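Asker: As a plain string of letters, each chain reads:
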Amino acid sequence: MILKALFAASATAALLLALPANAAELTIGFSQIGSESGWRAAETSVSKQEAAKRKVNLKIADAQQKQENQIKAIRSFIAQNVDAIFLAPVVSTGWDSVLKEAKEAKIPVVLLDRDIDPSGKELYLTAVTSDSVHEGEVAGDWLAKTVGAKACNIVELQGTVGASVATNRKKGFDTAIAKHANLKVVRSQTGDFTRAKGKEVMESFIKAEGGGKNICAVYAHNDDMMVGAIQAMKEAGLKPGKDILTVSIDAVPDIFKAMVAGEANATVELTPNMAGPALDAVAAFKGKGTVPPKWIQTESKLYTAADDPQKIYDSKKGLGY
Amino acid sequence: MTALLPRRGLAQILALIVILAVDRVVSPQFFDLRLQDGRLFGSLIDVLNRGTPVALLSLGMVLVIATRGIDLSVGAVMAIAGAIAASLADTHSLAVVLAAALGAGLICGLWNGFLVAVLGMQPIVATLILMVAGRGIAQLITEGRIVTFSSPDLVWLGNGSVLGLPVPVAIALGMLILTGAVVRGSALGLLIEATGGNARASELAGVGTRAMILSVYVWCGVCAALAGVIAAADIMGADANNAGLWLELDAILAVVIGGTSLFGGRFSLLLAVLGALIIQTMNTGILLSGYPPEFNLLVKAVVVLTVLLLQSPKLTGFAGIAARLRRTKA
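Protein sequence lines, in the order shown, are assigned to chains A and B. Going by UniProt numbering, 10 is the number at position 10 of the first sequence; the sequence numbering is gapless. Going by UniProt numbering, 138 is the number at position 138 of the second sequence; the sequence numbering is gapless.
Excised from the complex, chain A in its bound form:
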């Protein structure tokens, strides 16, 4: 079946090449990691939307979290002579030889969401990623601004120990609140990025901090842990969003639902739209030969209850989060 799809794909590619009327239309191959998380699914659907908006023919290959599948997909894209290749690399090493093949075929490669190891910088056109240190800073700055001069004890729900996203989001937040002496992280523990652990850890924080009376705000490295923490606060008879401020990262639909209910205060978006800026960069490169910078940073937008959370929830819920 896969073979058939490949044949069909290469046949269409050949057709497109043969027809001069379609010469302006770009064909781009996208090697996606797989469906590892809701965010990943949303990235795939947004990529399709962005491509359709720009009338780009986007072929998506699902690698099921395996590098060898991604390498195979890239080779088949090269064989189909696509105009550009998007790659969301599952790991950061081992791409040199296949990227060299793409370079020899003069097909630009754009990395989405994740970077690869430094030795291969000249092998790709640009990388479109978000800055997870910056995400933490945005969260910290919001909290500092909201709290003002009042003393504020913060509890932190960290991501999985050792995950680079968790380390960076912690670093960014710590940097942002270091400028304000009244803000202090009193407890920090890992919630493994999951709802269940987020809830369990928050339960223990509440007990350890005088039934939650000493906690002024919760910072969670992702929204899922915050959804769990919100449940823990409610079960302890506290009012999340009022008694305890909440700020988390990712902007998944369920946090907007909590915001509508007044139980969450702020979230920083990890945008699933990595393909949009990548498509623009490729179009400019193909059209006018503009070489984009090596790193295109996506916007880490802050959302609060003032941003019509119901509308955002409605627009996001269909994306596959």
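If you are wondering where the hints come from, they were derived from the structure by calculation, not from laboratory data. Possibly wrong hints are sitting among the right ones.
[Stated by the list, open to error] What the simulated footprint calls covered on chain A by chain B, stretch by stretch (three residues with Cβ under 8 Å from a Cβ of chain B suffice, anywhere in the stretch; the number is not a length):
(1) 182-189
(2) 198-204
(3) 226-235
[What the hints assert, rightly or not] Which chain B residues stay away from chain A? Per the calculated CB distances, all over 12 Å, these:
(4) Leu44
(5) Leu128
(6) Ile146
(7) Gly185
(8) Gly208
[To be verified] Example chain B residues on the side facing chain A (calculated, C-beta under 10 Å, incomplete):
(9) Arg24
(10) Ser27
(11) Arg39
(12) Ser43
(13) Asp153
(14) Trp156
(15) Ile286
(16) Leu287
(17) Gly290
(18) Ala301
(19) Val302
Bear in mind the structure is a predicted one, so any value in this text is a computation, not a measurement. All residues carry an ideal CB built from backbone N, CA and C; glycine is no exception.
Chain B: place on chain A using the hints.
Answerer: Using the frame of chain A, we list chain B on its own:
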């Protein structure tokens, strides 16, 4: 010797008391209890409530291990049952939801039991298949996303209370009594132990070892499914990627801490559940202590090692010899 609490439980009870005492030191309010919305609220209740999934898993696991088997698929079965429960919760009654989820657990158990008892596959390999495939099945059911629900019945199962106790704790208690009554109130427990001790000899003596093995895997599947439903009800959603992840290892650990040998032939339900409580008392203590999370696993490993060393006959033997030597010298 009573059937449910043999004298060999001393090491476990001691370990639990020591860990509770340490928890009291790192967190002075550990034993505080108060009523919150008609439900007891405090760290001790957290220990019971959070320990429920592993306690339920260990109830099934201890019987499987008693037959000299092992079930690595319980975490994945939790994910499947949770996914089914969450997908049906808002459109069907609680009875249908429970029947479907527990039915799925039963089928998973039958599958494992069939591979082990009928095809004679090694338990660790046979259940590894479902451990890997099961999570995939759960992800197919949820389509890779977290399926949330708002059905008050199912939410009650995870967050409600009965006589001040959280519902999950009451369910686990009920399951412990039910399992205990069935296996120790009849000869079933003895037959399970006989199967694990020497399957061939038991077979020759007229024990239906195949049926024994099949039924313990089925029970293990049902217990895992129940744990999965409770885990989903707790967070009002099914997270196929993370529900029950690595909990099979905690369940095996609980059984082993409870003094049941992996070579089968002997088991204690109550001590397995006590093992699950020991693990959770430690986990909750770590969370309350405020140490950086990098220490979590290290602390856990040291405590587990100590508890297991306490049970080692060789080591307690050494201690006995040392004491005797000291006495003779004096």
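Asker: Any of the earlier hints contradicted here, and which numbers?
Answerer: Going through the list in order, the structure violates hints 4, 6, 9, 13, 14, 18 and 19 and respects the others.
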